[in-house]
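**Student:** Same order as they appear, the protein sequences are chains X and P.
Just remember that the numbering used here sits 5 ahead of the position in the first sequence, which is counted from 1.
Just remember that the numbering used here sits 320 ahead of the position in the second sequence, which is counted from 1.
Where hints are given, some of them may not hold.
Some chain P residues flagged as far from chain X (calculated, every beta-carbon gap over 12 Å) [stated by the list, open to error]:
id, residue
1, 382
2, 473
3, 480
4, 554
5, 557
6, 560
7, 564
8, 574
9, 630
Listed below are several chain P residues computed to face chain X (Cβ distance under 8 Å; list not exhaustive) [to be verified]:
id, residue
10, 339
11, 434
12, 438
13, 439
14, 446
15, 447
16, 466
17, 467
18, 471
19, 479
Covered stretches of chain P, as calculated for chain X (at least 3 residues, CB under 8 Å) [stated by the list, open to error]:
id, region
20, 529 to 536
21, 643 to 652
Bear in mind the hints are in silico, worked out from the structure with no lab data behind them.
We put the beta carbon where it would ideally sit given N, CA and C, even for glycine.
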Amino acid sequence: MSRTIHINLLNEAERRSAMPVRTRVMVPVFSSLFLLAVLIWWGLLAAENRELKSRTRDLASKLADLQESDKAADKFIERERAANEEIDQIGRYLRGRLVFGAVLEQLPYVVPSTIQLTGLNIPPPLRPPEVKGVSLGSGTPAGNIPGGVKRAVGKAEAEKVFIKMNGLADSAESTDILRKAMRSGAFTNLVVDAEIPKGAFRISGADDGTFLFEISCECTGRRFE
Amino acid sequence: MNTPEVKAKPRSSRAPLSDVVGIELGSNLKEGTPAVRLKRRADGVIELFSAGFLPFDSTPPESADKVPEGVFWVVPRPFGAHSAALTITSEEALLRQASGAEDALADKDRSIYRTVLRPDESDSLSFVAAVPEYMASWAARLLPEGRKPTACSLQVSDLARMNAFAVSEAFMRTNGTALLLLVGLKSTALVIFNEYKPLLYRKHSIGSEDVLDAVSRSMNLDRETAAKILNDTLIDPTSLLEPVLSPLFRQAELSTDYAVRKNGCFIEKFFLCGLTTGARYWAEIFKRRTGAEITPCNPAADFPRAEGALLPDDFDSCSASFIPAIGAAVAVLEDA
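Turn these sequences into a full structure, and let the hints guide you.
**Tutor:** This is the structure in structure tokens:
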């Protein structure tokens, strides 16, 4: 319990702070500074946002241009690839080509006079059976060429090419001379084997003592490499 | 200007204070302005930390147009508490036992006075304190903002003196019923306490200067010599003082009877406070007139002191000068 009586004649408005920093001055000052700082920060953010938006627009515009160029470049690349494939395919055809002309020009010099050739046929090459791991379809050079024939490439077994010779002979020895001749001399680079299939040497029906024969010459294999 | 009457707050709404400097304005002492610094210890005891005379002229302005402008005090470091309790000693600073300003002041005074009413409690007196508005504004501006101390309270010195007595050891040793004569220069306040609370407050226009004037005039002496006569025993001035003091003591006698009749409280203890000269003769005449012993009392002399308190060298002889300052500071600390 207070023993004293305190009657204070000082008005509340007359009471002052002993603090060197006046609260009623510093509070508005700091508030204003804080507000100013927030405004500056907001202004910087707005400017940065504007800049980012502008850069985004520029990048989007450039990206659209680049996408068009990219499509054009893709088309060129695709065309180049297709052209290269065609060139490769042509190269493979060139490398796989068997030249018969120059070799067959030597044929009159090896055919015995007792033999009359009645036919010379080069049937379409025998295509080897498909081997696992060797594609003959899409991805092969021929497969990419519209209308092209699918050809085995790479390690695939070579296509077998044969020269079928038919004619009349006076004897089996003449026929065998021709068969052997086809495996020698100018034909060694083209013909790897020559044989008379079973039943392919028989008497002709003309009753003049002549025989019909057939010689099958196996040529070097054709590879598309 | 009509200043509204303000009711005193029962307790301060601010943070409790534990360090307050009390300053008496208008003390009219040649040493300076009395100031004390009081601190409340952790155990609640209030101690005197420093006391001294500030080198400032604290004479209150006589009128509103004589208020000096731009006068600020820079208080020395030993008195640099956060808050200051100012008390004004002036003929214009009033304390009245009244239930309202209309009872305490004339109509013309109410318009120029700042008044505060201490609300009437069931078991205590209601007081009206008042000072002229210009004087209160002048006092409030003396201590500048941003420097320690700043004013937190402005009180009239009669109440400050009464508060200093209310916390004194001499009063605490009584049973709470006592009569107190607070002697001022030109007036004396009479207070009767019952159960440590004021029961009656009256002010009479007889003060220590009237006594001094009587001796000086009768013996044709200057004031300083008259004061010396009152302090020694070479000359007995009782016959000179009695005509001056008899009316005052008669009023004390009547007030005592009033208190006995009204409240049935029998007053055993009488205290005389505020005198710097001639207290012995005041006591003799009082005993002769009323038959009761009156004890000179100096609340400042026996006020608890902090260890190493900074006090003037002659504090024991001049301690009475610090009573209003102590009372003002104590009131703030006890109100916190």
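**Student:** Work down the list of hints and note, for each, if the structure agrees.
**Tutor:** Status of the hints after comparison with the structure:
1. For residue 382 of chain P, the shortest C-beta to C-beta distance to chain X comes to about 19 Å, beyond the 12 Å cut-off, and the non-interface label holds.
2. Distance to chain X contradicts residue 473 of chain P as a non-interface residue, since its nearest Cβ pair spans about 5 Å, not more than 12 Å.
3. Its closest Cβ contact with chain X, about 9 Å, brings residue 480 of chain P to no more than 12 Å, contrary to its assignment away from the interface.
4. For residue 554 of chain P, the non-interface assignment is confirmed: its Cβ lies about 40 Å from the closest Cβ of chain X, beyond the 12 Å cut-off.
5. The beta carbon of residue 557 of chain P sits about 35 Å from the closest Cβ of chain X, which is more than 12 Å, so the claim that it is off the interface holds.
6. The beta carbon of residue 560 of chain P sits about 36 Å from the closest Cβ of chain X, which is more than 12 Å, so the claim that it is off the interface holds.
7. With a cut of 12 Å on Cβ distances, residue 564 of chain P stays outside the contact zone with chain X, its closest approach being about 30 Å.
8. Every beta carbon of chain X lies more than 12 Å from that of residue 574 of chain P, the smallest distance being close to 24 Å; the non-interface claim holds.
9. The claim that residue 630 of chain P lies off the interface holds: its Cβ sits roughly 20 Å from the closest Cβ of chain X, which is beyond the 12 Å cut-off.
10. About 11 Å separates the beta-carbon of residue 339 of chain P from the nearest beta-carbon of chain X, more than 8 Å, and the hint is not met.
11. With 8 Å as the threshold, the beta carbon of residue 434 of chain P comes within range of chain X, its nearest partner Cβ sitting at about 6 Å, so the hint holds.
12. A distance limit of 8 Å between C-beta atoms decides the matter here; for residue 438 of chain P the minimum to chain X is near 5 Å, and the interface restraint holds.
13. Given hint, residue 439 of chain P at the interface with chain X, is violated; its Cβ is 10 Å from that chain's nearest Cβ, farther than 8 Å.
14. Because the beta carbon of residue 446 of chain P sits about 10 Å from the nearest beta carbon in chain X, more than 8 Å, this interface hint is broken.
15. At about 6 Å, the closest approach between the beta carbon of residue 447 of chain P and any beta carbon in chain X falls short of 8 Å, and the interface hint on this residue holds.
16. With a cut of 8 Å, the hint placing residue 466 of chain P at the interface with chain X holds, because the nearest CB-to-CB distance is about 5 Å.
17. Contact between residue 467 of chain P and chain X, as hinted, is supported at the beta carbon level, the nearest pair being about 7 Å apart and thus within 8 Å.
18. Taken as an interface hint, residue 471 of chain P checks out: its beta carbon lies about 6 Å from the nearest beta carbon of chain X, inside 8 Å.
19. Of the supplied interface hints, the one on residue 479 of chain P holds, with its beta-carbon coming within about 6 Å of a beta-carbon of chain X, less than 8 Å.
20. Closer than 8 Å: that is the beta-carbon criterion, and the region 529 to 536 of chain P has 0 residues meeting it against chain X, so the requirement of 3 is violated.
21. As drawn, the region 643 to 652 of chain P meets chain X at 4 residues by the rule of a beta-carbon pair under 8 Å; at three or more, the given contact holds.
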